[in-house]
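Work the whole structure out from these sequences, hints included.
Number of protein chains: 4
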Amino acid sequence: MKKNMIGIFTKNRIETFSDGIFAIIVTLLVLEIKVPVIETPGSSTQLIESLIKISPKFISWIISFFTVCVIWVNHHRLFKMFRLISHGIFWLNAFLLLWISFIPFPTAMIGDYPDNVFAAAFYGIIMSLMALAFSLMRIYVVRNRSILESAVNFDEFRQGTVYSIIFGPVLYIVGSCISLVHPYLSFGVYAFIAIYFIFPHATKDIE
Amino acid sequence: MKKNMIGIFTKNRIETFSDGIFAIIVTLLVLEIKVPVIETPGSSTQLIESLIKISPKFISWIISFFTVCVIWVNHHRLFKMFRLISHGIFWLNAFLLLWISFIPFPTAMIGDYPDNVFAAAFYGIIMSLMALAFSLMRIYVVRNRSILESAVNFDEFRQGTVYSIIFGPVLYIVGSCISLVHPYLSFGVYAFIAIYFIFPHATKDIE
Amino acid sequence: MKKNMIGIFTKNRIETFSDGIFAIIVTLLVLEIKVPVIETPGSSTQLIESLIKISPKFISWIISFFTVCVIWVNHHRLFKMFRLISHGIFWLNAFLLLWISFIPFPTAMIGDYPDNVFAAAFYGIIMSLMALAFSLMRIYVVRNRSILESAVNFDEFRQGTVYSIIFGPVLYIVGSCISLVHPYLSFGVYAFIAIYFIFPHATKDIE
Amino acid sequence: MKKNMIGIFTKNRIETFSDGIFAIIVTLLVLEIKVPVIETPGSSTQLIESLIKISPKFISWIISFFTVCVIWVNHHRLFKMFRLISHGIFWLNAFLLLWISFIPFPTAMIGDYPDNVFAAAFYGIIMSLMALAFSLMRIYVVRNRSILESAVNFDEFRQGTVYSIIFGPVLYIVGSCISLVHPYLSFGVYAFIAIYFIFPHATKDIE
Chain B
1 MKKNMIGIFT KNRIETFSDG IFAIIVTLLV LEIKVPVIET PGSSTQLIES LIKISPKFIS
61 WIISFFTVCV IWVNHHRLFK MFRLISHGIF WLNAFLLLWI SFIPFPTAMI GDYPDNVFAA
121 AFYGIIMSLM ALAFSLMRIY VVRNRSILES AVNFDEFRQG TVYSIIFGPV LYIVGSCISL
181 VHPYLSFGVY AFIAIYFIFP HATKDIE
Chain F
1001 MKKNMIGIFT KNRIETFSDG IFAIIVTLLV LEIKVPVIET PGSSTQLIES LIKISPKFIS
1061 WIISFFTVCV IWVNHHRLFK MFRLISHGIF WLNAFLLLWI SFIPFPTAMI GDYPDNVFAA
1121 AFYGIIMSLM ALAFSLMRIY VVRNRSILES AVNFDEFRQG TVYSIIFGPV LYIVGSCISL
1181 VHPYLSFGVY AFIAIYFIFP HATKDIE
Chain P
2001 MKKNMIGIFT KNRIETFSDG IFAIIVTLLV LEIKVPVIET PGSSTQLIES LIKISPKFIS
2061 WIISFFTVCV IWVNHHRLFK MFRLISHGIF WLNAFLLLWI SFIPFPTAMI GDYPDNVFAA
2121 AFYGIIMSLM ALAFSLMRIY VVRNRSILES AVNFDEFRQG TVYSIIFGPV LYIVGSCISL
2181 VHPYLSFGVY AFIAIYFIFP HATKDIE
Chain D
3001 MKKNMIGIFT KNRIETFSDG IFAIIVTLLV LEIKVPVIET PGSSTQLIES LIKISPKFIS
3061 WIISFFTVCV IWVNHHRLFK MFRLISHGIF WLNAFLLLWI SFIPFPTAMI GDYPDNVFAA
3121 AFYGIIMSLM ALAFSLMRIY VVRNRSILES AVNFDEFRQG TVYSIIFGPV LYIVGSCISL
3181 VHPYLSFGVY AFIAIYFIFP HATKDIE
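Residue numbers (the working numbering), protein chains in the order written: chain B, 1 to 207; chain F, 1001 to 1207; chain P, 2001 to 2207; chain D, 3001 to 3207.
Calculated from the structure, these hints are not laboratory results.
Backbone N, C-alpha and C define an ideal beta-carbon position, used for all residues, glycine too.
Among these hints, one or two may not hold up.
[As the list claims (entries may be wrong)] Cβ-Cβ distance ranges computed for the label pairs, FRET-style:
(1) S2055/P with S1055/F: 29 to 37 Å
(2) G3188/D with R143/B: 28 to 36 Å
(3) I139/B with Y2163/P: 53 to 61 Å
(4) C1177/F with S55/B: 17 to 25 Å
(5) N3153/D with T10/B: 41 to 49 Å
(6) K11/B with R1083/F: 22 to 30 Å
(7) P1036/F with S43/B: 21 to 29 Å
(8) F2058/P with I1166/F: 49 to 57 Å
(9) R158/B with G3188/D: 36 to 44 Å
(10) T45/B with G1042/F: 37 to 45 Å
(11) V37/B with R1083/F: 19 to 27 Å
(12) R3083/D with S1055/F: 50 to 58 Å
(13) P1036/F with S55/B: 42 to 50 Å
(14) S2055/P with R3083/D: 50 to 58 Å
[To be verified] Listed below are the simulated DSS-like cross-link pairs for lysine-lysine, each with C-alpha atoms no more than 30 Å apart in a straight line:
(15) K2080/P with K1011/F
(16) K3053/D with K3034/D
(17) K1034/F with K2034/P
(18) K3053/D with K2034/P
(19) K2011/P with K80/B
(20) K11/B with K2080/P
(21) K1011/F with K1080/F
(22) K80/B with K1080/F
(23) K3053/D with K2053/P
What follows is the structure, given as structure tokens:
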């Protein structure tokens, strides 16, 4: 087998594999919300009341949905800058996908126990690990410049890597610690991170 | 990084991501239907009776299945007219996918409580929000003409946007309100919307 | 918009959508098999016995797994012969996917009630409807020859359509009726149909 | 239909189908971990304790996650060497996917019964069958050289096939038998196999 084929992955298949996982996670999140059981099947009042009771599940679902979309955007952006996929990139990507695929669990947990300090902190810890995987991938690329497309500005990329550490793992850990004051404050931070990345001006800074 | 690469997404990866979500939703819908528990495992009569009892679940599944297929067709048609995917399109698409990924929940709810007025209305409200996301995407494109392929007739597109508001969010809200008369009438409206879009003459008007 | 773009779908996106559904169904089948609950967590004997008790679930899973693979092969073969995807093909394909996405339900049902005559018959009825969707798609193509690639031999295709009716819906209905003699005989027929299509000589006749 | 089109599959669609299954399995693994039910919803201590109690589920999930990633890498590598997909390759691939799609079941079982000898052994048996499917595919290719791309070194490929038998089915059976000494030793072997394949020097030997 040709030497230059060893250790190099087909970028397209890794993107398909990753996109599949993103699509599944985004869809599975809603499966954690079960239709509530009510005593009088025909009563609209009971149904509305039971939905209001599980409203934290809807909020945690929406936060996680947009967070996964933001991760997808960042993933898409990062991979567009790669010329090839090395072994290192593949396994750092797998490490990232590990945490992404885990998201339904902490999401369901804050939906079930919205007032639990640890549940709110745990969500932030997992998201922080996910964001860390992203930053590690960027750091790896900074050290292996040949992975980047020639059109990419290396200094901007290195600068973006620093930003990705601050607005990623660090901010999620801050959100996680704030749960000690009140769990709802943590949700606010998590929602803020997602919203912050949705607007292009923000992501432009990072890119 | 080259300036013209910023803020523009790879159309292909967004289609793969969206198609993945469509495929998963269409498949997950049936998972909400559980095999009924019967007392005498060998009794065909008991099994048939138990299936008839859960028949509303089958009806709601079929309506949602074809509705998702119709959404897929519209999504496919719309994206075929796009020359590029801007940030705005991406997040309006994410907003659309949010409601699409939510469909199994209201579907399961009308399957569980077919005679509940609120369950029938809720289904229509969610579908209306989904259809609204579609219309918003079209309105955004009308205001950002450069997104359209040059082969697309702009006047027809603008006209189609008006139709999409009427036959989308407006009609679903009408269906939702009709539940106050009787929930089954709502199902009729929802089924009608799906069937209406299946026939090409209808979609041709819109396109 | 150019007239020749109306009513024609991108073959690639429909294949991706269909492949997604096939992949999900094949994977979800196993989710219906739950880890049995045993009294003594450390007892190997209890665990083995409990697995033997749910062995019909494993058998129904394997039959359905290979049946879905066979459907995938037939779908792949059929679509390779298409030059374009018309509205008719799209909705007949959606009708096919409806039944394919339903397969986990009858599979779980024969796994739960292996000795129930109606469960065995029901599986065959659903598979028969699925196979009918396939035959309808072929009949539609026979009537709309322009859909076929020019390299395809039309007479062979028409002949294959006749075979597809016999070895598809008809044989599944036969298997369904045989359940009146004994449910296990039906499983034999269903397994036979899957195995028959696995060997190339068989599918060559049909193609 | 042209003779050379019979019995040959589109490599791209089989990769998409397989990638879909890989992505779904990797994601579904985490669904087997349910949020524990605690008595005092607001108690962080109770939540932490309940998570520690289900820690074997997290460990089995991580082992299976990386194992599926390793399988994906091997699958990707193997298919990159194929010039075409014959009927034989397709069905050996289906046989491989059967065991891959089954992985959530033995994973959930060792998560539920970490101290059960049979659960630990069963995991190894299933993985062994999966690895056997891989080796069978390689043996088939050794006997049908025309499937390989001309750039592939045949002697290296044949040598790699021998290695794949040793480091695949044989090692998993060894891990399975070791459960008779202690189930935890088996987990160690399973984790070792996954880690061994993550590092490129190892896979280079096999390739």
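Hint check results:
no.: 1; hint: S2055/P with S1055/F: 29 to 37 Å; in the structure: holds, 31 Å
no.: 2; hint: G3188/D with R143/B: 28 to 36 Å; in the structure: holds, 32 Å
no.: 3; hint: I139/B with Y2163/P: 53 to 61 Å; in the structure: holds, 60 Å
no.: 4; hint: C1177/F with S55/B: 17 to 25 Å; in the structure: holds, 24 Å
no.: 5; hint: N3153/D with T10/B: 41 to 49 Å; in the structure: violated, 20 Å
no.: 6; hint: K11/B with R1083/F: 22 to 30 Å; in the structure: holds, 24 Å
no.: 7; hint: P1036/F with S43/B: 21 to 29 Å; in the structure: holds, 24 Å
no.: 8; hint: F2058/P with I1166/F: 49 to 57 Å; in the structure: holds, 52 Å
no.: 9; hint: R158/B with G3188/D: 36 to 44 Å; in the structure: holds, 40 Å
no.: 10; hint: T45/B with G1042/F: 37 to 45 Å; in the structure: holds, 42 Å
no.: 11; hint: V37/B with R1083/F: 19 to 27 Å; in the structure: violated, 49 Å
no.: 12; hint: R3083/D with S1055/F: 50 to 58 Å; in the structure: holds, 52 Å
no.: 13; hint: P1036/F with S55/B: 42 to 50 Å; in the structure: violated, 31 Å
no.: 14; hint: S2055/P with R3083/D: 50 to 58 Å; in the structure: violated, 41 Å
no.: 15; hint: K2080/P with K1011/F; in the structure: holds, 24 Å
no.: 16; hint: K3053/D with K3034/D; in the structure: holds, 12 Å
no.: 17; hint: K1034/F with K2034/P; in the structure: holds, 13 Å
no.: 18; hint: K3053/D with K2034/P; in the structure: holds, 20 Å
no.: 19; hint: K2011/P with K80/B; in the structure: holds, 25 Å
no.: 20; hint: K11/B with K2080/P; in the structure: holds, 25 Å
no.: 21; hint: K1011/F with K1080/F; in the structure: holds, 10 Å
no.: 22; hint: K80/B with K1080/F; in the structure: holds, 22 Å
no.: 23; hint: K3053/D with K2053/P; in the structure: holds, 28 Å
In summary, the numbered hints that this structure violates are 5, 11, 13, 14.
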